[in-house]
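Trainee: Add 535 to a position in the sequence shown, counting from 1, and you land on the number used in this note's numbering.
Because the hints were derived from the structure by calculation, they are not lab data. The C-beta atom is built at its ideal place from N, Cα and C for all residues, glycine as well. Fair warning: there could be bad hints in the mix.
To be verified - Below, simulated DSSO-like cross-link-like pairs (lysine-lysine); rule was C-alpha separation at most 30 Å, straight line: (1) Lys710 / Lys688; (2) Lys651 / Lys861; (3) Lys861 / Lys710; (4) Lys651 / Lys710.
Claimed, not checked - Okay, the calculated beta carbon distance ranges per label pair: (5) Arg597 / Arg713: 23 to 31 Å; (6) Arg767 / Pro628: 53 to 61 Å; (7) Arg739 / Val855: 58 to 66 Å; (8) Ser667 / Pro628: 26 to 34 Å; (9) Arg713 / Ser667: 17 to 25 Å; (10) Glu666 / Gln698: 31 to 39 Å; (11) His653 / Gln698: 37 to 45 Å; (12) Glu791 / Glu666: 52 to 60 Å; (13) Pro769 / Gly652: 25 to 33 Å; (14) Ser668 / Glu545: 25 to 33 Å; (15) Phe849 / Thr627: 50 to 58 Å.
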Amino acid sequence: MVRSRPTIEEVARRAGVSPATVSRVLNGTARVSRDKVRAVLEAVEALGYTPSPQAQSLAKGRSYAVGIILPDFSSAFYGPILEAITLELESTPFRPIAVPGHWSLVRELEALDFLKGHRVEALLLLGTSLESSALKNLDMPVLAFGQPLEGPKVWSLVLDNRQAAYRATRYLLDKGHRKIAHISSHRGGMDIRERLLGYRKAMREAGLEVRVVYGNLQEDGGYRATQELLSRYPDTTAIFAANDQTAFGARLYLFEQGVRVPEDISLVGFDDIPLAAYHIPPLTTVRQPAGEVGHALIEALKNLLEGKEPQFPFIALDLVERASVKEVGT
Numbered sequence: 536m537v538r539s540r541p542t543i544e545e546v547a548r549r550a551g552v553s554p555a556t557v558s559r560v561l562n563g564t565a566r567v568s569r570d571k572v573r574a575v576l577e578a579v580e581a582l583g584y585t586p587s588p589q590a591q592s593l594a595k596g597r598s599y600a601v602g603i604i605l606p607d608f609s610s611a612f613y614g615p616i617l618e619a620i621t622l623e624l625e626s627t628p629f630r631p632i633a634v635p636g637h638w639s640l641v642r643e644l645e646a647l648d649f650l651k652g653h654r655v656e657a658l659l660l661l662g663t664s665l666e667s668s669a670l671k672n673l674d675m676p677v678l679a680f681g682q683p684l685e686g687p688k689v690w691s692l693v694l695d696n697r698q699a700a701y702r703a704t705r706y707l708l709d710k711g712h713r714k715i716a717h718i719s720s721h722r723g724g725m726d727i728r729e730r731l732l733g734y735r736k737a738m739r740e741a742g743l744e745v746r747v748v749y750g751n752l753q754e755d756g757g758y759r760a761t762q763e764l765l766s767r768y769p770d771t772t773a774i775f776a777a778n779d780q781t782a783f784g785a786r787l788y789l790f791e792q793g794v795r796v797p798e799d800i801s802l803v804g805f806d807d808i809p810l811a812a813y814h815i816p817p818l819t820t821v822r823q824p825a826g827e828v829g830h831a832l833i834e835a836l837k838n839l840l841e842g843k844e845p846q847f848p849f850i851a852l853d854l855v856e857r858a859s860v861k862e863v864g865t
């Protein structure tokens with residue numbers, strides 16, 4: 536039989552004082568005689584009593600909870616950022632309540648309502664598709680990564696995804712490719728749409744056909760999107776994927792069709808998640824430095840929890856050249 540957790544009433548009975556006196560001793564909220572303090576502490580030690588964090592929070596009128604909404608716990612990009620933030624919060628009185636939105640605006644709105652009901656003291660949005668209108672009635676600071684949001688208590692860390700995607704497409708053009716396709720997605724937030732716009736800009740400046748298909752930002756979506764892509768555009772010589780996981784799925788489909796990378800089709804991803812360097816061949820991709828992003832978000836979140844306005848550093852998105860792109864003749 537599992538022994539139940541000792542209560543404040545049990546401590547009070549053992550110490551011969553009232554529960555209110557026990558609370559005053561443990562919280563230091565009023566002067567208590569030395570004898571009573573000693574009796575309470577001895578009772579706490581004997582019973583192994585620990586105060587309930589929930590009860591302490593309610594007594595102080597605070598939740599000490601930070602709400603976090605992200606696409607998915609298993610996300611190869613957002614997962615490590617969530618873990619870093621969770622570990623960092625362990626040295627503070629605050630604890631995270633993280634809810635996945637599963638790439639669905641409806642689920643993100645449900646998650647928002649859930650977190651409001653739990654009286655979180657701050658909200659962190661990682662790659663959601665929520666818009667500013669959903670946040671206008673929130674009485675808490677909001678920190679968003681991946682899209683620009685507006686509001687009196689809203690701050691956004693936004694990287695230049697459009698320019699990075701433009702440069703990645705220009706890189707393929709400079710390698711002689713003219714039949715370049717992009718696998719985008721209707722999922723995700725502003726960052727995914729910005730990558731599509733960067734690709735379109737580069738292709739239109741070059742006077743070339745825009746070739747776009749859509750996946751789900753996962754490996755299986757990249758696989759299916761590449762199947763569609765090659766049926767519509769069989770002469771494609773290069774694929775620029777909206778993220779690395781999409782590129783991994785594309786690579787598998789190409790392998791199964793006997794299409795060699797990069798000899799037959801070149802492949803570029805986005806994010807530079809750890810597996811990108813160990814893929815076959817190692818994937819050329821745009822590095823979105825998760826470590827720098829996580830650190831910037833942690834520092835901003837700490838400032839918010841301390842009542843300060845966060846400041847964001849400039850974070851560059853650089854192309855990492857590996858072995859998945861081949862130069863071709865024009």
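Trainee: Run every hint past the structure and note whether it holds.
Mentor: Each hint, compared with the structure:
Distance restraint check for Lys710 and Lys688: the Cα-Cα separation of roughly 45 Å exceeds the 30 Å cut-off, and the hinted pair is therefore not satisfied. Among the hinted pairs, Lys651 with Lys861 is inconsistent with the structure: their alpha-carbon atoms are about 51 Å apart, more than 30 Å. As the CA atoms of Lys861 and Lys710 are separated by approximately 7 Å, the hinted pair is consistent with the 30 Å bound. Distance hint between Lys651 and Lys710 is unfulfilled; the C-alpha atoms sit about 51 Å from each other, more than 30 Å.
The beta-carbon spacing between Arg597 and Arg713, approximately 60 Å, falls outside the hinted interval of 23 to 31 Å. For Arg767 and Pro628, the hinted distance range of 53 to 61 Å is satisfied, since their beta carbons lie about 55 Å from each other. Look at Arg739 against Val855: about 26 Å separates their beta carbons, and that is not inside 58 to 66 Å. The hint said 26 to 34 Å for the Cβ distance between Ser667 and Pro628, and at roughly 30 Å that hint holds.
For Arg713 and Ser667, the hinted distance range of 17 to 25 Å is not satisfied, since their beta carbons lie about 40 Å from each other. Taking 31 to 39 Å as the suggested C-beta distance range, the pair Glu666 and Gln698 does not conform, at roughly 23 Å. Range check, His653 to Gln698: Cβ separation about 38 Å, and the 37 to 45 Å hint holds. Remark: the range hint 52 to 60 Å for Glu791 to Glu666 is contradicted by a beta-carbon distance near 39 Å.
Between Pro769 and Gly652 the Cβ separation comes to about 52 Å, which falls outside the hinted range of 25 to 33 Å. For Ser668 and Glu545, the Cβ-Cβ distance of about 50 Å falls outside the hinted range of 25 to 33 Å, so the restraint is violated. One distance hint, 50 to 58 Å for the beta-carbon pair Phe849 and Thr627, is violated here, with the actual separation near 26 Å.
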